[in-house]
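*Asks:* Next come the chains, spelled out residue by residue.
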Amino acid sequence: MWPFFRKPGESQLDDELRFHLEALIDEKIAAGIPPEEARRLAAIEFGGREQWKEELRDVHRIPLVESASANLKAALRFIRKSPSFAATLVVTLALGIGANSAVFSALDTILLRPLPFPHGDQLMALTQVSPKARNSTAPLAPVRLEDWNRMNSTFQAITGYYTEDVSETSGEVPEKLTRAWVAPRFFDVWGIAPALGHDFAPEDYRFPPLNNVIISDRLWRRRFGADPSAIGKRLRIEGYSFNIAGIMPASFRFPVRDVDLWTPTPLGAPYTTSRESTWYYAIGRLKPGVTLDQARADLETVQSRLAKQFPKTDAQWSPGMRPLKDITVGNVRPSLWILFGAVSVLLLIACTNIAALLVARNVQRQREIAVRYALGASRRAIVTQLLSEIFVLALAGSAAALLIAGAAAHMFQVVAKDLPRVQEISLNPRLALYTGVCALLTTLACGLFPAIHGTRRSLAGSLAESGRTQVSARNWLQWSLVSVQVALAVTLLVGSGLLLRTFQALGRVSPGFDPEHVLTLRISANWGETVDMKRLAQRVNRDLDVLRAIPGVEGAATSLALPGVPFQSAAELKVIEGAADPNRKIMAVSRFVSPGYFATMHIPVEAGEACRESSDEGAAVNRSFAEAYFAGHEVIGNHLQFVPVNPYWKASAIRGIVGNAREEGLEHEAGPVVYWCDNSPVPSPAFLVRTHGDPMALAETVRRKIHEIEPNRSVYEISPLTDHLHDVFAENRLRTFLLTFFALTAVALASMGLYGTLSYIVGERRREIGLRLALGALRNEVVTQFLLEGLRASLLGCLAGLALAAAFSRLLRSMLYGVTSSDGVTFAAVGLLVLFTATLASLLPALRAARVDPMQVLRQE
Amino acid sequence: MPPDKSDLLQGTLDMLILKIVALGPVHGYGISQRIRQISKDVLQVQQGSLYPALHRLEKRGWLKADWGESDNGRKAKFYSLSAKGRRQLAAEESNWNRLAEAVSVIMQTAQ
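As you go down the protein sequences, you meet chains A and B in turn.
Residues in the first sequence are numbered consecutively from 1, following the numbering used here.
Residues in the second sequence are numbered consecutively from 1, following the numbering used here.
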């Protein structure tokens, strides 16, 4: 506020006054007085110059500043006079604003801010889409990507990438590294250049390849100790020697967080020429000022031209485009908004709590307010003073809140490390600004109403009263504030209750497979091996044999995807012999597993046989598939085929029926599933090893045994299957934990509010209680009376809260499993819990009321 | 203050300043001189009241101030009347006239 303090230039003031003094002296000299004497007389006549200057300065001071500093002084005095009251307010506000700022920091970073690339909002994720294809949305074929890049007019550039795990063998033991194959223009599109060395040159993208590689900051530090001379050194990747051309800055961790190196994909290599092999995840950078719709229309024109040119391969595809941020942020959006809603409700409760405290406080200060009125203060001045008291406290609260939010940023990175963009969350000026605005708004929200209410003239006429306040008539206000708090707390509690019940339901689910005592791992491999599928299958079988031979291992198998971890959506199939119901489209999830999978995962084979050990062909279906598509008809012996026909997958015979297993995530009923028998649909499938004891106890043995027969491959991602299942629910768990934490805090705040209000009322009515006791009222009647008063407000709040929850719990519907959004058990439990807590919170003040000593009270008269 | 000099009635100083300034741009010293001369030495404005009043009037927008040169070539701050000040002066004058009339009527009747 100080900048408002406008002074006329001090020198101008001096000039003006000096002129006057000199004019006086001239006048006296003109009257014949000697100069010395004239000067003395003039000075006397002129008087205390400094004193006037001060008066002149006063004229120019803005009253706001004056009153602000006076208000500040009053506020500090107020805090000094009642430190415990002030501390309660500060702590409540710090918690309320702190929780809010913490969640806001995550929300702001993850959802609101652009991606951390230059003009991050220009980055688009591109796909090819076909409603008819097996996977309706597919990555882009490399040739098509180059076509799009050449023919469009709305993108600065389009590029693509593909990541795979590779083995690097220049060190003592093979190390698994994550490699990104990149299309031309890759680093240009991101707008980030290597920190050391240089980007790939156009020659790098010609075939045969030059084998240059750009490595990540992480790998550079790990392998080369951040030595700049690493440029030009060599790495041995999948048997080929690569020259290190550049090192990316630490902040560049794309396409995946743990990427180690980038290699160029040479155009014209055999795997880039087919219009049907679609494997590039494409990213485009829009030209400045181009809208999403313009870009989409442009790509559609491009693709329709390609469709005319290549009708066989391109006619079915159309371009798909989404802002890269949407893809990155994914599905945490609803969770974050729900949490932000929850902490906002929490802040509202804190505000209501403080408002109730202030209403009580202002009643006690009625005399002070009356005196101020009597001394001529305006109502506005008094309200301003009351508000500035709260503002000072809110400021202190938000300073503490900022610390909490800063600590939370670190906590997020530990507890929620899988949250997208979590590493970007930090304490920043935006967060500080937000917290400051929160302080201002809470001041108004908590303070304005009590201040206006407490300064009504009718109340302030109480100077004449003896200082005893008769408050019973006004208690309704405080009780309604208590009810509001209880209602809001109940709403939050119902939300967290529903999420907890979801977890309970998930825990009860029988997955249909046994996830305990299963070790999972991967063995590095590259796509080059798919040239000889037979050899690949033999290699995987050899690895499986080695695993099975380890003592303590019960069985081993491979699977394209881990059971229980969501992986794929359903695709269309057809039964070659003809389906039971020809009009019904057959949709099923496909899983690719090795022989021994069902035995290893303890999935029962209910009919026929599931993947013969001897030959790697055929398929099995689950119970759900058999019931859905073959109701009553013979299942085994029919042949299944993908629609449209997949060149890599020939039709396979159904040889068995297995039990339903929830392999697409525990929260999903098992839908129709087809198990295709193939131990190596990809070069590095997941290995599943069933052990007798603790699976991790075998980790080292497994690593050593595999190393013995596969000296050039690395073994990585060794972990128990249960860990993967646990990780699937990490976000869910975090959300539930935080919401429950906020809800319990809300209940605690509301209970404090109830306790405080009732204590205050008991205190104010001691005289009345004493009188009644003296007149023969029983102590337990007094207890009951106050207990009921507290419970009545809580019950009203509780009912209102349950109604609110019933209206809003629908927002959670997509996050619930095994429980409806109007779950009776949750609502009843929350109601009981809140009423129980309310009884506890009311009991203490009520008992205190009964301990009033009538003699003592009456003596005070 | 000498007994032959009268105190200014509260609030009349502003009006007198406006009246003097209405005659043309003038500096603070000039204002005090003129008030003394015109009132034939009855009214003498203390500098301690004059300057705060001038600054207050300037801040209200009734006076405009410009730096200029005095008769003897010194730098001085000259005040002149703004349009707003002119309206204010008219209002105060009519108020004053009514008041003066009322007071004199009472004084005469009471005699």
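Do not take every clue at face value.
What the hints assert, rightly or not - Pairs of lysine-lysine residues, derived as DSBU-like cross-links and limited to a Cα-Cα distance of at most 35 Å, are as follows:
| hint | chain 1 | residue 1 | chain 2 | residue 2 |
| --- | --- | --- | --- | --- |
| 1 | B | Lys64 | A | Lys28 |
| 2 | B | Lys40 | B | Lys75 |
| 3 | B | Lys59 | B | Lys84 |
| 4 | B | Lys64 | A | Lys534 |
| 5 | A | Lys28 | A | Lys73 |
| 6 | B | Lys75 | A | Lys28 |
| 7 | B | Lys64 | A | Lys585 |
| 8 | B | Lys19 | A | Lys53 |
| 9 | A | Lys585 | B | Lys59 |
| 10 | A | Lys73 | B | Lys19 |
| 11 | A | Lys73 | B | Lys40 |
| 12 | A | Lys28 | B | Lys59 |
| 13 | B | Lys84 | B | Lys19 |
| 14 | B | Lys84 | A | Lys53 |
| 15 | A | Lys312 | B | Lys59 |
Claimed, not checked - In silico contact screen, one side only, chain B against chain A (beta carbon under 7 Å); selected entries:
| hint | residue |
| --- | --- |
| 16 | Gly28 |
| 17 | Gln44 |
| 18 | Gly48 |
As the list claims (entries may be wrong) - One side only, chain B facing chain A, incomplete, derived with CB under 10 Å:
| hint | residue |
| --- | --- |
| 19 | Thr12 |
| 20 | Tyr29 |
| 21 | Tyr51 |
| 22 | Leu54 |
| 23 | Trp96 |
Read the hints as simulated data drawn from the structure, not as lab findings.
Cβ atoms here follow ideal geometry from the backbone N, Cα and C, with glycine treated the same way.
*Asks:* Now tell me, hint by hint, if it's right for this structure.
*Replies:* Right, here's what the structure says about each hint:
no.: 1; hint: Lys64/B x Lys28/A; result: 30 Å, holds
no.: 2; hint: Lys40/B x Lys75/B; result: 28 Å, holds
no.: 3; hint: Lys59/B x Lys84/B; result: 12 Å, holds
no.: 4; hint: Lys64/B x Lys534/A; result: 100 Å, violated
no.: 5; hint: Lys28/A x Lys73/A; result: 49 Å, violated
no.: 6; hint: Lys75/B x Lys28/A; result: 20 Å, holds
no.: 7; hint: Lys64/B x Lys585/A; result: 90 Å, violated
no.: 8; hint: Lys19/B x Lys53/A; result: 25 Å, holds
no.: 9; hint: Lys585/A x Lys59/B; result: 85 Å, violated
no.: 10; hint: Lys73/A x Lys19/B; result: 42 Å, violated
no.: 11; hint: Lys73/A x Lys40/B; result: 50 Å, violated
no.: 12; hint: Lys28/A x Lys59/B; result: 32 Å, holds
no.: 13; hint: Lys84/B x Lys19/B; result: 13 Å, holds
no.: 14; hint: Lys84/B x Lys53/A; result: 26 Å, holds
no.: 15; hint: Lys312/A x Lys59/B; result: 84 Å, violated
no.: 16; hint: Gly28; result: 5 Å, holds
no.: 17; hint: Gln44; result: 10 Å, violated
no.: 18; hint: Gly48; result: 5 Å, holds
no.: 19; hint: Thr12; result: 19 Å, violated
no.: 20; hint: Tyr29; result: 4 Å, holds
no.: 21; hint: Tyr51; result: 6 Å, holds
no.: 22; hint: Leu54; result: 9 Å, holds
no.: 23; hint: Trp96; result: 24 Å, violated
Violated hints, listed in ascending order, are 4, 5, 7, 9, 10, 11, 15, 17, 19 and 23; each of the other numbered hints is respected by the structure.
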